[in-house]
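Novice: The chain contents come next:
There are 2 protein chains.
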Amino acid sequence: MNSRLVYLDHNATTPLHPLVKNSLIQELDSHFGNPSSIHWAGRKAKNLIRNARQNLSELFSVSPLELIFTSGASESNNTVIQTLFLNLKNRTEYICSAIEHPSVLKTMQHIESLGALVHRIPVSREGQLDLEFYQNVLSEKTALVSVMLANNETGNLFPIKRMAEMAHEKGALFHTDAVQGLGKIDVNLKDLGVDYASFSAHKFYALKGSGLLYCKKSSPQFPFLFGGAQERSRRGGTENVLGIMTFGLMAKMKKEITEESLRLEKLRDHMQQQILKLIPNTRVTGSSKNRLPNTLSLVIDGIDGETLLMNLDIKGFAVSTGAACSSGNPEPSPVLLAMGLSRAEAQGSLRVSLGWQNTEDEINDFIKELVLSVQRLRLIDTEFQKDFEL
Amino acid sequence: MNSRLVYLDHNATTPLHPLVKNSLIQELDSHFGNPSSIHWAGRKAKNLIRNARQNLSELFSVSPLELIFTSGASESNNTVIQTLFLNLKNRTEYICSAIEHPSVLKTMQHIESLGALVHRIPVSREGQLDLEFYQNVLSEKTALVSVMLANNETGNLFPIKRMAEMAHEKGALFHTDAVQGLGKIDVNLKDLGVDYASFSAHKFYALKGSGLLYCKKSSPQFPFLFGGAQERSRRGGTENVLGIMTFGLMAKMKKEITEESLRLEKLRDHMQQQILKLIPNTRVTGSSKNRLPNTLSLVIDGIDGETLLMNLDIKGFAVSTGAACSSGNPEPSPVLLAMGLSRAEAQGSLRVSLGWQNTEDEINDFIKELVLSVQRLRLIDTEFQKDFEL
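One line per chain: the protein sequences are A and B, in this order. Converting from the first sequence to the numbering used here requires adding 53 to each position, the first position being numbered 1. Converting from the second sequence to the numbering used here requires adding 53 to each position, the first position being numbered 1.
Next up, chain A with everything else stripped away, as it sits in the complex:
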């Protein structure tokens, strides 16, 4: 393996921010207490959680009491869908997009098996949700709509504010899995007008094992994890104190989010332009207009994404593919298939997602290596086909 490692898979997870790392090393000793204890050890831990909650509430323009710390966005998503299904008996229909994260899609399947009617909004090849379909299935029977803020695969953004208004007109609740937006675009929950939103610390340069559930004060809330009186009895279990601390530290970086997004967008656009110019038969997946500034999703014809990923990996470049087991799953990305890509196209997909620590040099090196790798793989493929024909 090349000694130089270039990480270009920030939609999967992010490295720790240097500030987070320094802070962690400093606090490893002093904040081990149980926040529920009233002695010195507990108070230190409790203060740390209070500060983090305050920082996050300012980042999202909401009240600290509207934020519940969870183990991650998957738990947040499960909490909203499972508890509303259990408790809202008058409304039994649910709506999500066809390209949600598995923690939404599979939880929807779960409540479907228990009797809920679930509508899935189709998405076009250009990454647009079918809003006419959405309007048609929305009704007085709709309990909850769950649509992500931005798609993890393509980076495409969805019109959450408008969709939440449409849901509210029918008296339905609205949840957004906002994981991919955090740290990449401004996420103002008050302005978005949603009832619930899910976030994950580890996609925002903080520790794994910590997430957030926003519950608007006036919206129904039910516990999913029963236990101690933590989080005002809304989520039991000793808090992941250090995870929460790192999450809170990142929440103060509003300025960095804006600056880095502008920088990464330029870098991403440069990368896209070069790749499309230098590698024939390559195209962007979804809309290239309305998307996260850091994400580039491509289909490269005649290439097996997994083989390409492994070739790049040997050279030290970490990227992702919607092709295969990049999420431990041997099937092609359900997102790309739902967008109408063929299995062959999905097999040839490549996702590059940039982060705050990436440099222009790294991206230029990556472009060179990608061009070489694709040429090599296409050549092998051609040779193989020749051999086969002879």
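Note that these hints are calculated values from the structure, not bench results. Certain hints may be false.
If chains are identical, the list can't say which one is meant, so a pair holds when it fits in one copy or spans any two.
Using 27 Å as the maximum straight-line C-alpha spacing, the simulated DSSO-like pairs for lysine-lysine come out as follows [as the list claims (entries may be wrong)]:
1. Lys97 - Lys74
2. Lys368 - Lys97
3. Lys308 - Lys223
4. Lys214 - Lys305
Got chain A; can you put chain B on it based on the hints?
Specialist: Just chain B now, kept in the frame of chain A:
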């Protein structure tokens, strides 16, 4: 506050083990990858989880595939109780002890509200479960029995092996919340013969936000958190990689567990003897025979536990009381009340739980300070009563 801080509340949470701390500082950079990614960053994280799972399986004498990483024991407890209630339709009765952790008691209340019949085994003042009651309520209708391995408050141990056999005779499943046993006594799950067991990393000198659910291979298993294919699709959500790593490191300390337990038992017995000798009208709560080696639970007559705790806290000693909001809850400990202690007794309770970093000097200092604090508080109380009478 005294500059010297002495932590004596290890049943609430433990400080990080020095080895864990060093390892964390070393690994902060190298293991940030998403274990589901197939590139170098993902593989490093995945290997780390595999090693931790292997270590833990050896500690518990089970197969690595029988272990599911969760966000903590509260999630593990919720998972077992909630999913079995949802999926086992032929059996609708549940049994737990009256002194379980809130994550069991409240989850039982939750399924009770959904139609389950829940039996709670009473416990005597001496900390003995009423096994005759247990035998009488066990039946072919029992889905699950959930009884903790050791009580957090008194440290009393329960006859889990025998109780699991009794459950199995009726075809019922058996779960144990084994949180308080881990790191203090040998926990051999194969020998205990339970179907499910819950553990928490942060009560074992590792990070908060990481727990474990043991599911015996042949016992029914259903996901609680739906999402990605993590944990063989049994628990969705990106793994808390560093939490799991620290948990796995601690799992290798079988020898230290034995040695420290012997050392702490002597220290605890010395402390108990001195306190009972030097402070009149003081007694041990529950059984002083069959209990965790590190735990001492006392009732000190005529003392308000919370006031005592705060007095000790000012001197730098962190202890716990079953009196009040030591768990964010203004009510006296339900455990002590269930054991038949009066509210006044529960208000005067004190729990000292020792850990691997405690020294004999610390304990002797604590005994001295406790004696002085109790004398002072009892004197104030007497003076106050005199004033009141005049």
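Novice: Take the hints in turn and mark each one as holding or not.
Specialist: Hint by hint, here is what the structure shows:
Taking the shortest Cα distances, Lys97 and Lys74 sit within 27 Å of each other both inside one copy (19 Å) and across copies (19 Å). Taking CA atoms no more than 27 Å apart as the test, Lys368 paired with Lys97 passes between copies only; the shortest distance there is 16 Å, against 45 Å inside one copy. Proximity of Lys308 and Lys223 under a CA criterion of 27 Å is satisfied in neither setting, with 37 Å inside one chain copy and 63 Å between copies. Taking the shortest alpha-carbon separations for Lys214 and Lys305, only the intra-copy value of 24 Å comes in at or below 27 Å, while the best inter-copy value is 51 Å.
Going through the hint list in order, the structure does not satisfy hint 3, though it satisfies all others.
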